[in-house]
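Q: Chains as they are written, first to last, in our numbering: chain D, 1 to 487; chain Y, 488 to 977; chain Z, 978 to 1077.
Here are a few chain Z residues that face chain Y, going by a calculated C-beta distance under 10 Å: (1) Leu-996; (2) Leu-1044; (3) Asp-1051; (4) Gly-1052; (5) Ser-1065; (6) Ser-1067.
Bear in mind the hints are in silico, worked out from the structure with no lab data behind them.
Note that the Cβ used here is the ideal one computed from N, Cα and C, for glycine as well.
Here is how the chains run, residue by residue.
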Amino acid sequence: MSELLDFNLVEASKALKNKEISSLELTKAYLKSISDTSSLGAYLEIVEVKAISMAKESDKKLIDGTARPLEGIPIGIKDMFCTKNIKTTASSKILENFIPTYESTVTQNLWNDGAVILGKLSCDEFAMGSSNETAAKGNVINPWLKNKKMSPGGSSGGSAAAVAARSALAATGTDTGGSIRQPAAFCGITGLKPTYGRCSRWGIVAFSSSLDQAGPLTRTVSDAALMLNSMAGYDQKDSTSANLKMPDLMDYLDKGIKGKKIGIPKEYTQDGISEDIVKFYEKSIGWLRDEGAEIIPVSLPHTKYALPAYYIIAPAEASSNLARYDGVRYGARQEASSLDEMYELTRGNGFGDEVKRRIMIGTYVLSSGYYDAYYLKAQKVRRLIKEDFENVYKKVDYILTPSTPTTSFELGKKQDPLTMYLNDIFTVPASLAGLPGISLPVGLDKSGLPIGIQLIANSFDEAGLISTARVLEMSAGFNFIADGAAK
Amino acid sequence: MNDTSTLKPGHIQGETGIWEMVIGLEIHAQISSKSKLFSGASASFGSEANRNVSLVDAAMPGMLPVINEFCVEQAVKTGLALNAKINNVSVFDRKNYFYADLPQGYQISQFTKPIVGEGEIIVDLDDGEQTTIGIERLHLEQDAGKSLHDQHPTKSYIDLNRTGVALMEIVSKPDIRSPQEAGAYVKKIRSILRYIGACDGNMEEGSLRADCNVSVRKSGEEFGTRCEIKNLNSIRFIIQAIQSEAERQVDILEEGGTIDQETRLFDTSTGETRSMRSKEDAHDYRYFPDPDLLPLEFTESWVQDIKEKLPELPDSLKKRLVKDFGITSYDASILVEEKDYVDFYQQAANGRDGKLTANWMITELFGALKKDNLSFSESPITSENLGELISLISNGTISGKIAKEVFSEMMKSKKSPSEIVKEKGLEQVSDDSEILKLIDQVISDNQDKVNEYLSGKDKLFGFFVGQVMKLSQGKANPGVVNKLLKEKLK
Amino acid sequence: MPNKDTIVDVPTVNKIARLSRLDIPEVNKENLTNDLNNILGFVAQLDEVDTSNVEPLASVTGHKLPLRSDDVNDGNIEDLVLKNAPESSSGFFVVPKVIE
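Same shape as in the complex, but just chain D:
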């Protein structure tokens, strides 16, 4: 069985198409590894029967030569994606029994391209968190240094842990301020957040509508390219979806970076960043230079204000987006004698502490008398941050930064919300500007935890992002497997 788990997505796809393996055996191997690694808590829901039947369907297509791009590839889906007739909870108690009657556009695109669903993956409640500790069903454990119970990061912690633990060949994630890139960095895998508008948000439980964006978590850059090829696309049902055709990313894997300009922003090497990360950041710069890129120091002067602006904008939107969870039409209702009491008990009981904190912050910053000082101010700062990037992209093609200031931390160690927020300090600026970013593993720190490096491209240049990331991936040659991964 273990050989099957050794294939990355692109390799497995090739083996399937060459009929060296069948989707059924591949899917069964993954179902077994889900059960072998169940102590990690990555999966909230496993859909074995559906997986087997989809795999059989794929095998037919593989045999009759009508295989689609992701034919027979078993993947996991973050629980933020609504999946038809499969429980979708956003890791929240308030949705504990919610069974959508519809399928999100992104997951539908994946099934249309032949992917096989294994199950739904845990995440921070409503994607609010950076450690996967706010999930209603409990923590997810990072497969790295398994016995120390490290955080997989968040909010797509279940997705990152499953890919790192080899209990999914790939997974979907959503990224609002770093929720794909940060857990990918913590779990030693690749995570790609596309340009805002590249993937449809229709059918994805909304956290912060102006920031939320779906993307893949995979073992390699080429796996990410193949996944995003299927996930992306214009959707008339999402008014913010971009009506732009994305080129086939697989064509850009080996374009190289000769003559490309890589910007190194001085604001990303601040106090509090771990020494090992700085070391690998510098190594990464060197690798790219060796491959023919021109390294250019740049400045994104408002970087420092990205996190405070984010912690106004995202909670503000969330406070409104989560108003629909009121126990009237779906979700877990707390019975009461009056409507208002029913609302307060349902929401007070159904939401966890972090979600409640953010709803409170969001309500406060939008409330009468505070709107201008907080929300409007944050939107103005958001423009300045976007303009910082626009100015830098006049001079460079890509920006290289660390993905996170530290590697993974032990679960339960960070109690203060604000300390937790600082995890996203390097991922939030690109989110606010709507830019595509990718985190990929480049090495291990002294304790043996993976280090992620982030590349940020200009809007809708996912193709260039893939070319550049691929060069870095080849140079870094990261080929470690987590100790907690399925064998």
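Starting from the known structure of chain D, arrange chains Y and Z on it as the hints suggest.
A: Quick look at chains Y and Z alone, frame taken from chain D:
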């Protein structure tokens, strides 16, 4: 006390002097679209509970709004018809509050940047005067669903069919000074909306409703504190509610009290306004731009295209009717009140006597419909048939008197006038020889009267005319009868 | 923005909780107030940024709002709409009685 009978409308005589009303209206007009503002579910009335509801309307997780182009067009059309500024960039905001029939927990509306800005309309008052009322803004928003409170002792039932139906909110400036002006303003807005087809204006079904802001002040003073009367669905109620609310405020102020700014409801059974029971903690709607939608932008040329396709509006139509059909300005203003009237009139009067047609339509048709309690659209008489009746009168086929008989038969049977005239043999007799026969008969029957007449009793001429008409069962052409009788009795 | 530590007090937290329709147990209120003050104090850093003459940015997409044509192509799915309802009766959602 002064003599109150000389008070102007909108003025209230108090102990301390005359108070003046200051009124502003917010009209909510349902756009006549097939589907909802942000979803493809039907916007129609009277369906089974929750039938016209999409997953978007029910605010299922991950559902997103996509705007209806027709609704945007109607808002622009209405803005143009209100002589208002069209904002080529406008923004949708979320108005956040919790209510059982508001599934999203917010209403999508337009707060700081509405699609239409300032404008104005001319309003015709009953005394023939005109006044100009300013428009503050017009914006697009979603309607809410419906809560039924009388189905169960401890539960409310929620139907989301109305949720997300497109509304235009038309906000007037506080330029209105009497309940009558408010009524005339609503009438005018309704008429404009019907002309351009943006809204059916049906107040009974709730397609048009108004919130009235009312305050009072002494002439020349600053505006007083206002109260808002919610959800009035007839012009009569609007007039009653404003009058009674203004009187309430005057009573309080004259006793040295102050007005609380609040929302009030109009109780149609008592004819008075009352404070809403659920006062709730002060609302804080936390408006912010809806991040699921982008700014609504359109080009000047798109607006120009709509402008060119705009139908003729009541004010210009009124002028044209006076000019083309020679009718009075008063009659014209009645006819342009409703698009249906003016369409009917123009069809009926086409190529015919315009004045006569206007008379028959306004006096006879409107009178008969009112008597039978029928709406204009239920009229048994079509414009074609009324036109035919006018022709029959004009060309002498029937007399005016017979025409009334034919008209009441038309109301009953819906038949065409020529059919009725033929069936009942009501054609006017103008043929000399036939009328001479009747005259001979009358002369031979009344030889004594003829002698009196010939000996100088001229007054008897009318008697002979009457006898001939009677003998003809009213069908003889009175002009011909007159002429022939005179010759005969020379 | 006001000074850190004194931004929100318990009565303000009560007001915000009420606006948000969140039942917060008494025992949690002090901690929550502290957390909110820490976060609001942190975001108050934005005061340092000069934003005069800066237009607020609500959306990063460069495109215009797309419009759909006025077609009825949704609805008639009462069963799906009501499927997850905690309580429903004869096609209606049911909630505790609302007093207007």
